[in-house]
Structure formats: structure tokens, C-alpha cells
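First to last, the protein sequences are chains A and B. In terms of this note's numbering, the first sequence opens at residue 1 and continues consecutively. In terms of this note's numbering, the second sequence opens at residue 1 and continues consecutively.
Don't read these hints as lab results, they were simulated from the structure. Since we're looking at a predicted model, the values are computed, not measured. This list has only true hints and no planted wrong ones.
For chains that are exact copies, the list does not tell them apart, and a pair is met inside one copy or across any two.
Below, simulated DSS-like cross-link-like pairs (lysine-lysine); rule was C-alpha separation at most 30 Å, straight line: (1) K109 to K95; (2) K74 to K95; (3) K236 to K74.
2 protein chains.
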Amino acid sequence: MNCNTPTDIVFSFTGFALRGGSTGQHQDGWGIAFFEGAGVRHLVDHQAAIHSPLAELIKKHPIKSENVVAHIRKATQGRIALENCHPFVRECWGKNWVFAHNGDVPDFKPDLTGQYLPIGNTDSERAFCFILQEFRHRFGTQVPTLAALAQALKELCHHIAGYGTFNMMLSNGEALFVHCSTELHYLIRQHPFNTAHLSDEDISVDFAAVTTPEDRVAVIATEPLTNNETWTAFSKGDLKVFVEGTCLIDLPG
Amino acid sequence: MNCNTPTDIVFSFTGFALRGGSTGQHQDGWGIAFFEGAGVRHLVDHQAAIHSPLAELIKKHPIKSENVVAHIRKATQGRIALENCHPFVRECWGKNWVFAHNGDVPDFKPDLTGQYLPIGNTDSERAFCFILQEFRHRFGTQVPTLAALAQALKELCHHIAGYGTFNMMLSNGEALFVHCSTELHYLIRQHPFNTAHLSDEDISVDFAAVTTPEDRVAVIATEPLTNNETWTAFSKGDLKVFVEGTCLIDLPG
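If we strip away everything but chain A, and leave its shape as in the complex, we get:
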């Protein structure tokens, strides 16, 4: 989720979390990272999201954030363990970077020089370390423009996707970078707001009642989370950058 005003994610998270062991089979852990200013609340659990007390807490005490990355895991590479739960967080250029991956790239074994090394043993964390290493390698200590960063990331994602499936989200708390390798959908909610109804449970929210006309929220997910709104499918190879609830940069595959 990427927004122009701090927004709580309880509605989307409720549907999403059900896919972590109830309506979906991604039950080998889950995680969520909320940016709050430069800080990140990073909650991960190797229990299924539907059984996790932390997931309950998120629903009971809504956290408002402009950038949220959440993930439910089906272990394909790496054992079920806390260090293998997405999203992963690392610092680059004095910012938190949050990364989540859907898919697998088991044979992607890049030469990691040591600047960023995986803590767990997933192919996903390896790919994340590679991306940040390459950012540093290409741009040094000079923070690049958003356009330059998006272009570099697209090249890196295409390279990694050559090894398998690499749908990914990456955020530095300002922009949300999304790459589609096989499947992703997005939705922009903005004025006039309507009632949305979850696909995974019979729950609706009338967003008109809880928003102001200026609010704008982009929600990106593998599969649409609601069944009465129009979600847009990504094309394979697309890299899109969302800022303040809108798709600011669109690099087709």
C-alpha cells in the first residue's frame, strides 16, 4: 500500500491474512512493515497469519502509514524460520529499505561482496542483498533520482527474473517500487470513494465515510483483494513506481 496520507491497512490486511492459512495456502510465516516517517515497524512471524497474535494486534490497534509492505509465505526456498520471513529490511543511503518477493529464483546465486549479506537462507533475501549491492555499486554514496533508480531496478529485476519468478515490492518509505514477473494487480482508491467488499470474507467498508476527498491510496497485491472494484493487471516485465498513491513512473517490460 502506498498513500498520500497515513492510512490504516486493517481492511486489506484482514482479507490478505486469511490467505495465510485459511482461504490461501501461504501458511509458512508472514510479515508486515509499516513506515512511520523514517522509522519502520517490522513485524514478522513464522506462524501462519491466521494463528498469529501479532496479526490480531494489527487488527485491534490500527497503525497508520503511507507505505506498507506485507507478505504471506509459502516456503519454497529456505526453512520455516523467523530469519526467512519477508519483508526484509536493510539500510541504504541512511534510509530503511523494505523488500518482499513472490515467486522463486533458486539458481540465482550472485557474487555478494560482503556489503549486504543474507541472514537467512532464502533466494529472496539473496536477491534483495544483490539489488542493494548493485545500487551502491552503480550510484556510490550519491543518492540517485527516482527515475534513475527505477531504471536501474528494472534492469536488475529483469536479470533476476531470468532465473525464475520474481514479483517483488521494494520501498524506501517514499516510493513503492513494484516489479511483475508473472502476476500482480493494483488499484487506486480516490475521490469519489465507494464501498469495497473483500474477496476472502464477507466484510465491506464504505471508504467515503472514512476518507477526505484529497486521500489517495494505491493497493498492490498478487490477486485482487476485493471483488467489487476494478483492479488493473500488471503486464509481465512491468516496473511501476507508486508515490503518494499514484503510479508516478511506469516502465513497461
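We have chain A already, so just place chain B on it with the hints.
Leaving out everything else, chain B in the frame of chain A:
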């Protein structure tokens, strides 16, 4: 806390959290990091610990860990914000490193080359980045022995403490490194276990009932957390390294 078996910290945390706004004045945020294998559960909040739903969750759902670092903050440098809450977490040599600082070193402004940069604006995070940068500078990609690391850390801590007060804890999930600049106390709980009584609230635990004879737990805190056990004061300048609930390396100031 550093232990030889995964141990829950509910008892100590209960007394400790009260100092975050009730029996103590450290009410500008708090945080705790639990190692679970190579992974870390990192919970931070800029609310006072006594008002925090996350702190309640920790008491309700005990998390067992062999290494825990917790901190309650009284803002001296840096505003009250999530990114300024200790403990801080960074990756070095493919491990999570967790750092917390008590005191202040406002004029410590080291030359940070970019490998580790602060995300917030505390002197503490600056010092942490400096320590990891120096680890990499001294040891490169070669992970040093515990003894070499302790010696290097002692030198770095003494250097930083020259700028003010630098009581600190640092853990990589295996060892807990503790440096005393002004005040710190520790306690080793081991067989035969007794009943301990908190200093900050009328709560006791009979550790004999919840442990096995092999268990060993080191608890380190600024001020003793219990009032019927014998805590040992650190001397100024001491760097001690705790492993599996015992003080394995002791480098006097």
C-alpha cells in the same frame, strides 16, 4: 538478557517497563529485540512502555529467546520518533546486530563513510554505525574471534565514552557485549534457583518452579531489577561479554 536456553523475559520486562513512564522517567519510547535463531523480533514504539499495546502483547504472549536487548528512552538527543527508538538493528557479516545505549555523547560526530548511515538523528545510532564501520574496517569480510572482537569493541567504546556517557549493549545473537561508562549491574541466575521479587512492583517469581537445573540466565540492567538478589555493579570502563548465561570475557577498564 543472555541465556543458555530460550527463556521468556516477562518477569524482568514487567519491572523494566514500569520505568518507562511509571516508576521511572524514561517515557519517550521503548523497544525490545528478541533473537530467535538468526532472526530478530524487533518491536519499537515511540509511546511510553506503560501505555503501549505492544508491551502488553509481550506480557500476554511470552517470547522465548536466548538473547534479548530492551531499552526505555528518555530523549536527550533526537526527537521522539520511531526511527530514534532503541534498540537499533543492522546486518554485519550476515548476522543481525542489535544495539542499545544509555547516556549521551552529543559531540561524537565520527566520519561515517557510507557503509552504515544513521536513519534517525540520535547520537546513539551514530555511535552504532561507527562501531560497525570500524568492525568492517578492522576485520574486513573475515569474521574475527570473540576475543578479538571484544578487544576491538572495548577500544571503540572507550573512544566514544570520551565524548560523554556510553553505557551500551550489543548482541549478534550469540554473545552479548556490555560496556559500562557510568552505571550497570548484572546478575547470573542459575541452580539452585530462588524466588525473585521485583523492585518496581510487588511481583515475585519462584524460578525454581519454572527452570531446569541446567538453565543459566544473565540479566544486565542499569539499576537492579529485583530487591532480594545480589546484583554485581560493573566498574567504569568494563567491557564484559556474556555467552550462554555466563560472563565469558571480562576486560576491566
